[in-house]
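Protein sequences appear in the order of chains A and B. The numbering of the first sequence is this note's numbering, which starts it at 134 and goes up by one. The numbering of the second sequence is this note's numbering, which starts it at 134 and goes up by one.
Treat the hints loosely; a few may be bogus.
One copy or two, either will do: identical chains are not told apart, so a pair holds if it fits within one copy or between any two.
Straight-line Cα separation of at most 35 Å, DSBU-like style, residue types lysine-lysine; simulated pairs [said to hold, decoys possible]:
| id | residue 1 | residue 2 |
| --- | --- | --- |
| 1 | K189 | K382 |
| 2 | K189 | K398 |
| 3 | K336 | K189 |
| 4 | K398 | K428 |
| 5 | K428 | K384 |
| 6 | K428 | K382 |
| 7 | K387 | K373 |
| 8 | K432 | K387 |
| 9 | K336 | K432 |
| 10 | K336 | K384 |
| 11 | K439 | K387 |
| 12 | K384 | K432 |
| 13 | K439 | K382 |
| 14 | K373 | K398 |
Because the hints were derived from the structure by calculation, they are not lab data.
Protein chains: 2
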Amino acid sequence: MSSSPPAAPPPPSHPQPEPVRFGIMACATIARKVSRAILLAPSAAVAAVGSRSEAKARAFAAAAGLAAPRLHGSYEALLEDPGVDAVYLPLPTSLHLRWATAAAAMGKHVLLEKPTALCAADLDAILAACDAAGAQFLNNDIRVKPDLDALGALGDAGWYCIRAILWAVDYELPNTVIALCNPVRNQAGILACGTTLYWADGKIAIFNCSFLGNLCMDMTIIGTNGMLHVTDFVIPYEEKSAPFDMATKSKLVKLEIGWDPLPSKHVIPADLPQEVLMIQEFSRLVQNIRDSSGKPDEKWPAITRKTQVVMDAVKTSIDNEFGPVDISC
Amino acid sequence: MSSSPPAAPPPPSHPQPEPVRFGIMACATIARKVSRAILLAPSAAVAAVGSRSEAKARAFAAAAGLAAPRLHGSYEALLEDPGVDAVYLPLPTSLHLRWATAAAAMGKHVLLEKPTALCAADLDAILAACDAAGAQFLNNDIRVKPDLDALGALGDAGWYCIRAILWAVDYELPNTVIALCNPVRNQAGILACGTTLYWADGKIAIFNCSFLGNLCMDMTIIGTNGMLHVTDFVIPYEEKSAPFDMATKSKLVKLEIGWDPLPSKHVIPADLPQEVLMIQEFSRLVQNIRDSSGKPDEKWPAITRKTQVVMDAVKTSIDNEFGPVDISC
Numbered sequence: 134m135s136s137s138p139p140a141a142p143p144p145p146s147h148p149q150p151e152p153v154r155f156g157i158m159a160c161a162t163i164a165r166k167v168s169r170a171i172l173l174a175p176s177a178a179v180a181a182v183g184s185r186s187e188a189k190a191r192a193f194a195a196a197a198g199l200a201a202p203r204l205h206g207s208y209e210a211l212l213e214d215p216g217v218d219a220v221y222l223p224l225p226t227s228l229h230l231r232w233a234t235a236a237a238a239m240g241k242h243v244l245l246e247k248p249t250a251l252c253a254a255d256l257d258a259i260l261a262a263c264d265a266a267g268a269q270f271l272n273n274d275i276r277v278k279p280d281l282d283a284l285g286a287l288g289d290a291g292w293y294c295i296r297a298i299l300w301a302v303d304y305e306l307p308n309t310v311i312a313l314c315n316p317v318r319n320q321a322g323i324l325a326c327g328t329t330l331y332w333a334d335g336k337i338a339i340f341n342c343s344f345l346g347n348l349c350m351d352m353t354i355i356g357t358n359g360m361l362h363v364t365d366f367v368i369p370y371e372e373k374s375a376p377f378d379m380a381t382k383s384k385l386v387k388l389e390i391g392w393d394p395l396p397s398k399h400v401i402p403a404d405l406p407q408e409v410l411m412i413q414e415f416s417r418l419v420q421n422i423r424d425s426s427g428k429p430d431e432k433w434p435a436i437t438r439k440t441q442v443v444m445d446a447v448k449t450s451i452d453n454e455f456g457p458v459d460i461s462c
Numbered sequence: 134m135s136s137s138p139p140a141a142p143p144p145p146s147h148p149q150p151e152p153v154r155f156g157i158m159a160c161a162t163i164a165r166k167v168s169r170a171i172l173l174a175p176s177a178a179v180a181a182v183g184s185r186s187e188a189k190a191r192a193f194a195a196a197a198g199l200a201a202p203r204l205h206g207s208y209e210a211l212l213e214d215p216g217v218d219a220v221y222l223p224l225p226t227s228l229h230l231r232w233a234t235a236a237a238a239m240g241k242h243v244l245l246e247k248p249t250a251l252c253a254a255d256l257d258a259i260l261a262a263c264d265a266a267g268a269q270f271l272n273n274d275i276r277v278k279p280d281l282d283a284l285g286a287l288g289d290a291g292w293y294c295i296r297a298i299l300w301a302v303d304y305e306l307p308n309t310v311i312a313l314c315n316p317v318r319n320q321a322g323i324l325a326c327g328t329t330l331y332w333a334d335g336k337i338a339i340f341n342c343s344f345l346g347n348l349c350m351d352m353t354i355i356g357t358n359g360m361l362h363v364t365d366f367v368i369p370y371e372e373k374s375a376p377f378d379m380a381t382k383s384k385l386v387k388l389e390i391g392w393d394p395l396p397s398k399h400v401i402p403a404d405l406p407q408e409v410l411m412i413q414e415f416s417r418l419v420q421n422i423r424d425s426s427g428k429p430d431e432k433w434p435a436i437t438r439k440t441q442v443v444m445d446a447v448k449t450s451i452d453n454e455f456g457p458v459d460i461s462c
């Protein structure tokens with residue numbers, strides 16, 4: 134008796150999920166960077182562009198090299214487009230509350246520009262709208278708005294500083310924030326400011342952010358047994374690589390005439406630009422909800438909210454003559 | 134008629150001046166680094182060692198590899214040695230006033246360890262004694278005292294931070310100093326502290342110094358049109374080279390996906406260790422007085438005094454619950 138061997142089972146199927154279909158909501162030049170990232174991200178596509186006029190939407194699509202997206206002459210029309218899974222909002226911060234909540238109410242996932250809101254209360258309203266609609270929320274932490282927004286340098290460069298500091302402390306909120314006492318302002322807002330942050334266990338952080346100095350995107354993190362230097366933590370020097378230096382348990386050599394070990398230099402090659410990685414992450418979360426009945430991820434809203442809470446505290450300290458502002462979670 | 138050509142004039146004579154003869158006043162281990170620098174400096178020699186006992190002086194000379202210096206069993210005897218031009222004082226800060234003024238009174242030039250004094254008033258007494266005696270004063274800005282001195286981390290790492298900040302602003306004193314509000318102390322003194330410094334034109338500086346973290350000697354200077362990074366500004370990574378990065382008029386490229394120009398990397402080769410350069414500078418000043426009837430140089434005392442004034446202000450701010458301390462020159 135003989136039998137043919139059983140047929141090998143087919144290889145497990147890993148079909149690529151359909152790309153997330155983005156609607157770009159507002160056509161300022163600043164939307165170009167994330168539009169490019171959506172084009173470059175395998176898991177995303179630009180399905181539609183909405184502006185206050187169809188002509189503006191068309192002009193943006195042409196300038197950004199978008200291949201025939203649907204064009205909408207109003208934000209409302211974009212939100213009513215059933216072929217849009219998620220919207221990217223590069224609107225001015227003061228408009229975030231209105232349009233992010235409207236997008237969530239229409240069942241769209243929301244990728245919001247930073248600073249996410251003028252204050253934590255507004256952000257909470259946006260997050261509540263997303264939560265009620267089951268919409269994924271993520272905020273862009275890639276710099277695209279160098280303009281003077283309502284929060285000025287604090288909402289721009291300061292946002293990254295706060296986010297990076299929170300990253301360094303594993304997102305533990307500080308207890309107290311005290312702003313440096315010489316912010317520079319003009320009628321539009323803050324041009325330069327800084328702050329000190331204090332944790333209960335003795336950790337401290339300091340940042341200074343400014344529109345007035347030469348480009349500088351340094352971060353130095355010092356721990357008991359190690360140190361990390363990154364000098365392009367907001368915008369990378371180059372898209373294709375990420376350099377950093379670090380040291381572990383450095384000691385001074387005898388007579389204190391040198392270090393041992395020396396800090397080590399590292400370069401991480403980058404296959405995709407950082408903003409494409411962000412689009413990929415957002416798309417993955419949206420696909421999980423759209424295609425697999427998953428739930429919105431809570432990590433990004435939580436991190437964003439902590440960033441906003443610290444930013445609010447810095448602003449309060451500035452408004453209160455640089456007095457200490459306690460943060461309660 | 135013929136004549137032989139006139140003889141060429143002899144080349145101008147540049148006889149090397151006699152080395153400056155140092156007396157090392159106190160034999161703590163911390164004196165080893167500068168002893169080595171004196172040995173390595175062509176313009177300097179160790180003529181004598183003084184300690185509280187001749188046995189200690191002998192042991193130090195042997196350990197430091199000094200070739201038969203005269204040995205003195207008291208500081209007074211060292212100061213009475215006519216073969217000593219200059220003394221190096223690695224004594225504890227609290228003894229600086231007494232012994233630096235005694236040295237100047239005996240006509241010795243004074244190389245003083247940092248922190249130079251417990252306060253500006255003590256430093257002024259030392260400088261006045263040097264001035265009255267026509268003695269050159271210079272303070273060592275090379276780290277040799279990691280021990281907890283009366284001023285702790287502020288007098289140690291903080292001294293370098295203040296000096297480096299003053300260097301960066303061409304030695305313009307700040308108007309106001311406000312200490313960060315969480316110094317760490319033990320019964321011996323300050324283990325970690327920081328401060329903010331404010332100038333009338335809007336410049337600010339921030340430093341944090343600590344005995345509690347991993348080695349970190351970073352300095353970042355940001356101006357309107359440029360930036361400088363030094364990551365080993367106190368103790369060099371290696372004696373033979375001095376690395377730094379700088380950028381001038383960096384801009385973000387289109388879409389803000391990179392920098393142009395990138396910061397440039399530089400390495401300055403060092404023929405002599407930094408502390409030897411300091412001994413050479415001090416010796417040059419002493420030789421000018423000893424051999425050419427020159428006058429003491431006023432630059433180093435002035436810089437040292439400014440450093441001390443700022444350090445005093447930081448300490449006052451810490452003592453005054455981190456309130457602002459105005460500096461008047």
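Against the structure, the hints come out as follows:
no. : hint        : in the structure
1   : K189 x K382 : between (57 Å within a copy, 34 Å between copies)
2   : K189 x K398 : neither (47 Å within a copy, 44 Å between copies)
3   : K336 x K189 : neither (49 Å within a copy, 43 Å between copies)
4   : K398 x K428 : neither (40 Å within a copy, 48 Å between copies)
5   : K428 x K384 : neither (48 Å within a copy, 41 Å between copies)
6   : K428 x K382 : neither (43 Å within a copy, 47 Å between copies)
7   : K387 x K373 : between (40 Å within a copy, 16 Å between copies)
8   : K432 x K387 : between (47 Å within a copy, 31 Å between copies)
9   : K336 x K432 : within (23 Å within a copy, 38 Å between copies)
10  : K336 x K384 : both (22 Å within a copy, 33 Å between copies)
11  : K439 x K387 : between (45 Å within a copy, 31 Å between copies)
12  : K384 x K432 : between (38 Å within a copy, 33 Å between copies)
13  : K439 x K382 : both (31 Å within a copy, 34 Å between copies)
14  : K373 x K398 : both (16 Å within a copy, 19 Å between copies)
Hint check: violations occur at hints 2, 3, 4, 5 and 6; the rest are consistent with the structure.
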